[in-house]
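Novice: I would like the entire structure built from these sequences, with the hints used as guidance.
Heads up: the sequence lines are chains A and Y, in that order. With my numbering applied, the first sequence covers 937 to 1225. With my numbering applied, the second sequence covers 27 to 402.
Treat the hints loosely; a few may be bogus.
To be verified - Cβ-to-Cβ under 7 Å is the rule here; a few derived chain Y residues that face chain A:
hint, residue
1, 222
2, 234
3, 238
Claimed, not checked - Stretches of chain Y that chain A covers, calculated by requiring three or more beta carbons in the stretch to come under 8 Å of a beta carbon on chain A:
hint, stretch
4, 259 to 265
5, 276 to 286
6, 316 to 329
Unchecked claim - Simulated DEER-style distance windows between Cβ atoms:
hint, chain 1, residue 1, chain 2, residue 2, range
7, Y, 182, A, 990, 53 to 59 Å
8, A, 1012, Y, 83, 55 to 61 Å
9, Y, 394, A, 943, 41 to 47 Å
10, Y, 112, A, 1194, 38 to 44 Å
11, A, 1212, Y, 355, 54 to 60 Å
12, Y, 118, A, 1198, 54 to 60 Å
13, Y, 112, A, 1041, 41 to 47 Å
14, Y, 316, A, 1075, 36 to 42 Å
No lab work stands behind these hints, which were simulated from the structure alone. Backbone N, C-alpha and C fix where the C-beta goes; we use that ideal spot for every residue, glycine too.
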Amino acid sequence: MLAIQLAITGLQTGALYALTAVGFSLIFGSTRIFHFAHGATFVIAAYFFYAAFGAGWGLIPGILASALGAVAFGLVLDRLVYVPIQRHEGSFFTVFVASFGVGIAVQNVIGMIFGRGFVTVNTSLSRSVELVPGVYVSPLAWIAIACAAVFLAALQFFMRRTHTGMALRALSDNPELVRTFGLNPRRIQAAAFAIGSVIVVPAAIITSATTGLNPAIGHHVMLISLAATIVGGIGSISGTMLAGVLLGLAESLALLVVDSQWTEAVTFGILFAFIIIRPSGLLGRAAAH
Amino acid sequence: MTKTFKQAAAAATLACLALPALAADHTIGALFPLSGPNAVYGDVFMAGSDLAVEHINADGMLSGPMSIAYEDSQGLPQPAVVGMTKLVNVTGVPYTLSAFTGVSKAISTLGQRNQVVAVNGGGVGPDLAALGEYFWNVIPLVNLEVRAVVPYLTEEMGLQKMVLVYIDDPFGQAIEGELEAAFEGTEGELVGKFSVPVTAQQFSGVAAQVRSAQPDVVYIASYGAQQIQIVKQLRDNGVDAQIVSYSGYITPDALALPETEGMILTGQAVDYESDDPVTSRFVTDFKAKYDRDPTAYNVNYYNATLLYGLLAAALEAEGKEVTGENLLAKRLEMKTFDLVGGTVSFQDNGTLLSPIEVKQAKGGATETLTTVNVGE
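Specialist: Pasting the structure below:
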């Protein structure tokens, strides 16, 4: 029973990891911007929902506020930080440092506004119910898994069947060629940030009710996003989703064989194993040299 | 004449410049978590120490104004050592406030080597009693809390089977050792131990393990946001056993959590109703300044800061320099101090002894169940 319980728990965790990581993967895959502030997007989305829901706005307005906050942050960051840097120098390291700095600044601003302690959205949906003897699942677990499935399908459809989606894929391959075809790379980059930011919203909202929030939670989000992106294959949306679920499952099922303090080590063990054995990741394209 | 005037003017200028040195500024250091998941403690600690500085300056206790140079430890050893190095070598403080077991252990060698007093009012790891003569504790350590709560759980509440969920750091490991020792010779037993990494935030898997161990009681030994996340996720994942924790859990955030309701908690006993002038002034002014009741952490850092004021004032009265070495000598000489909670004295190991309260969380506050005198 413990194995079944841990598998279900791992699926829930994995679904949240997948939803968190796929936004980063989309942005990095399309624009090659190491968007470290993706963790900050998660924090903003979560705290906007927490504030709106706590103020009695209700679920839907809360979700809308969260999505609006996340998208606005992504677009403003792209326009005011990344684009100017790329225009003048565009070095990978400069962009990374700027993004890291923004992440720290957001953490502190959120701390100033909401306090630096722990907050959570109280809902009965986070309370587990006993499905069969010894196996407990909360309604939010099903919601997390359903969200991951729906968002993956929607994102895959978007990337393959819409002009913007195809442009995003083209941007990751050859920005100059995109320009030759009369498309505006800056506008496509903005679309990547908008979609990458909004897709983090379900995970942020569910996390606010399950594990709770503190302003520093973005660092953990970023670590998981990075690990899932590399394990899944850089630029591969499906790979990142799959890797997120794999990491969540591994983290949970590892408890069957190792003590709980080693579960994070298992996550990063998988990461290192992929870097050494299969650097292109689960579904990534092998790099030609 | 002109030359004499110039010499006199120069001498007068020098004298004027030298005058402030007679009324020396007093700066002490503090290594508190001001960012990261433990930052909530920084606010709590500063509320106590800042009020003490206000009182010391308002009373003109010292020859010059006193202030605190805060450094952000993040509750982690490595940033704390950087902060302590700065306080010792750049700011040049003779006395610093510390918090958290890992942080205190990390900075204690710097304090000992440079003869800078470090006073802990927040960390409760039992090892903190053995960090040298320059490391003092104004808080009873967690070994006393464990020794108070285990008999209460097993004898008064009839809860025999305990599972421990503890953070994988010196503090958590110390609690593990203390609990194992506390259960020896009792009918109770530790049926499971699950350590969690310092940075972990997902505990649903641990909750499944705890549930399968079928304990009567679960002891949570962590701190900051993590301990609250553990409690919430245990409850969310179907763990209905009694949950117990130590004084570090008693923070406004934790008490506000609905899942905290009914938890058994321990902490030092402080008589806030005492009519001694130090306690009544502290309680009155704290409520006026912060619009809430003080907690033990507020008291501890008020006391730790006030202790500096008392020692430094005594040294200045004797015309001695306020150095770490002299502060230590003066503490050993004075023996007793009028602090919040009454007249206190230090044990030989530099730690204050205090009765321990066993409390229960009710309606966002705590209610005392019993007070235990646990001697060393």
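Novice: Hints first: check each against the structure and report whether it holds.
Specialist: To see whether the hints hold, each was checked on the structure:
no. : hint                          : verdict
1   : 222                           : holds (5 Å)
2   : 234                           : holds (4 Å)
3   : 238                           : holds (5 Å)
4   : 259 to 265                    : holds (count 5)
5   : 276 to 286                    : holds (count 6)
6   : 316 to 329                    : violated (count 0)
7   : 182/Y with 990/A: 53 to 59 Å  : violated (38 Å)
8   : 1012/A with 83/Y: 55 to 61 Å  : violated (44 Å)
9   : 394/Y with 943/A: 41 to 47 Å  : holds (44 Å)
10  : 112/Y with 1194/A: 38 to 44 Å : holds (39 Å)
11  : 1212/A with 355/Y: 54 to 60 Å : holds (59 Å)
12  : 118/Y with 1198/A: 54 to 60 Å : violated (43 Å)
13  : 112/Y with 1041/A: 41 to 47 Å : violated (23 Å)
14  : 316/Y with 1075/A: 36 to 42 Å : holds (39 Å)
Of the numbered hints given earlier, the model fails hints 6, 7, 8, 12 and 13; all others are met.
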